[in-house]
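So the protein sequences, as listed, match chains A and B.
Residue 160 is where the first sequence starts when you use my numbering, and the numbers rise one by one after that.
Residue 160 is where the second sequence starts when you use my numbering, and the numbers rise one by one after that.
Each hint should be verified, as a subset may be incorrect.
[To be verified] Computed Cβ-Cβ distance ranges for the label pairs, DEER-style:
#1 Asp328/B - Lys279/A: 18 to 26 Å
#2 Leu466/B - Gly401/A: 42 to 50 Å
#3 Gly401/A - Asp215/B: 50 to 58 Å
#4 Arg280/A - Glu231/B: 55 to 63 Å
#5 Gln338/A - Glu419/B: 26 to 34 Å
Rather than coming from a laboratory, the hints here were simulated on the basis of the structure.
Where a beta carbon is used, it is the ideal one built from N, C-alpha and C, also for glycine.
Each chain, letter by letter, is given below.
Number of protein chains: 2
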Amino acid sequence: MNVLFTFKIKDEQMEKLEADFPGIQFSFHKKIDEVSLGEYEIIATYGEDISTEVLDRATSLKWLMVASAGVEKMPLAAIAEKGIVVSNVRGIHKTPMAETALAHILSLGRALPVLAEQQKRKEWNTKVRQSELRGSTALILGPGAIGSEIGRLLQAFGVRTIGCNDSGDEAPFMDETIQFEGLVNRLPEADIVVSVLPSTAKTKGLLKESQFQAMKESALFMNFGRGDLVKETILVEALKNGEIGHAVLDVFEKEPLPAESELWSLSNVTISPHVSSHSGKYIERALEFFTENLKKWQKGDRSLTNLIDTEKGY
Amino acid sequence: MNVLFTFKIKDEQMEKLEADFPGIQFSFHKKIDEVSLGEYEIIATYGEDISTEVLDRATSLKWLMVASAGVEKMPLAAIAEKGIVVSNVRGIHKTPMAETALAHILSLGRALPVLAEQQKRKEWNTKVRQSELRGSTALILGPGAIGSEIGRLLQAFGVRTIGCNDSGDEAPFMDETIQFEGLVNRLPEADIVVSVLPSTAKTKGLLKESQFQAMKESALFMNFGRGDLVKETILVEALKNGEIGHAVLDVFEKEPLPAESELWSLSNVTISPHVSSHSGKYIERALEFFTENLKKWQKGDRSLTNLIDTEKGY
């Protein structure tokens, strides 16, 4: 069986694959245009190099392993027609994003930004306001793969988790799940409100003035989903009026966040430039997904993890 | 049964105690010198107001609930002689200290200090070096109540934990435990080295040049135990020579850390002023210990949590 990798991996990662799968021939570091594709049953790719022309040349191709979360730019109709299986790395962002969320929550709770400023002044001041996370309540907007991973970690810290989605269907690592509809009634309980919602017709503008007014004055609001969840003007007002305590914002209505935005300099705002999912271990994680699926494939088991429905496109 | 509280708690905490224990008479907010003590079976105190004179007046006293971790300043011999039971709140620091440790680890991993500086310059720069905690290895010096709580949380993040103590005896939430003796051989594996060791004859100066040379150049070293674990000169050299990646220091040989210390301004050092255990929830946690024990006491169960051996003094 021949496998082509069209994206770069490290030498030791190549060696590991070859050691783990002695029966498989791997070709690494190849540009898809420079390879005669007839021999490959499997192509591992970021997806961007798969065209209908490539599919026509890849006469043995049975499985496309796509090392990205989205597959919307691929020629899915042609792939479906040829009966090629597609898997992706859905969920690959959950570890770095959940670590980012906890990093911000704990850093603010333990007053690390305040301590950093004291250090610059060589100031030994123990009268710093620090709080405990244990015993608090978090409301997680979007308890999917990423939101549930945040929930899992929060529960390990002794936090009560309330998931909030459109359906109200149960979600893992949520003590309970509520619907978007009931959100405003439950916001007063939350010490932390964190969104990892995608942008859809139902999430756009979901948070309005009334939602921020319903939150605790001490609430920490975090947005790692999409910037159109809330209008920047509404957010700025809530922060300036002290309707909430602090906001951590990784996503914005307009990105990059314009220099003239008031958000940059509000003292109760932490800005990060849409990097919550970044990780030095992306390839490593992607290879974990691949290795697991490749073991199944080798045994003839076609129930791969993260299969894409090529008709539906997700 | 009568219980005297000689330290201050909030109104709602008093009400809760009275609601939870309808059969018990509580007296709150009393100075011990202004109270006739004969009626109290139980006194809840920080410990500093218990003298032999108080013990002589407290003729019904059977149990001293001490809301601090140390009891070394109390007249233990007299207490032992009268057969009075003493319990303390050992372990009360584990939650804030473990949250502090995770806050620093995650904050550095997700580059929050770098992002904070970028925000000040209104700089949208996504090329920030961020790493994942999952899959890394932590060596925990002192896997007692606090160290094990750090281990528990690290394991939830997918970190391998190696405990290190004098005996090498197993400890909770450690994938393995090693002895002080074998430390230098295992340091090369650790991405994180965190100490919560107390100051004893065996821990004083435990970390020497060779230990830092054995660590990864990328290692994060954290000290939340006692400053005499390592000489400041050794630490400064290790940090300046790049023998380790970063240090988070909450404790120092001399406290407050003198303004002339080089540690204040090294770019790979985070200084905090011995506040890792601070918490806004101290009394709340202490009352949790008390309530649990009081339930037992009421039932005649004398196997209280955190009993002090008044002969040994701990």
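Outcome of the hint check:
no. : hint                            : result
1   : Asp328/B - Lys279/A: 18 to 26 Å : 42 Å, violated
2   : Leu466/B - Gly401/A: 42 to 50 Å : 46 Å, holds
3   : Gly401/A - Asp215/B: 50 to 58 Å : 54 Å, holds
4   : Arg280/A - Glu231/B: 55 to 63 Å : 35 Å, violated
5   : Gln338/A - Glu419/B: 26 to 34 Å : 60 Å, violated
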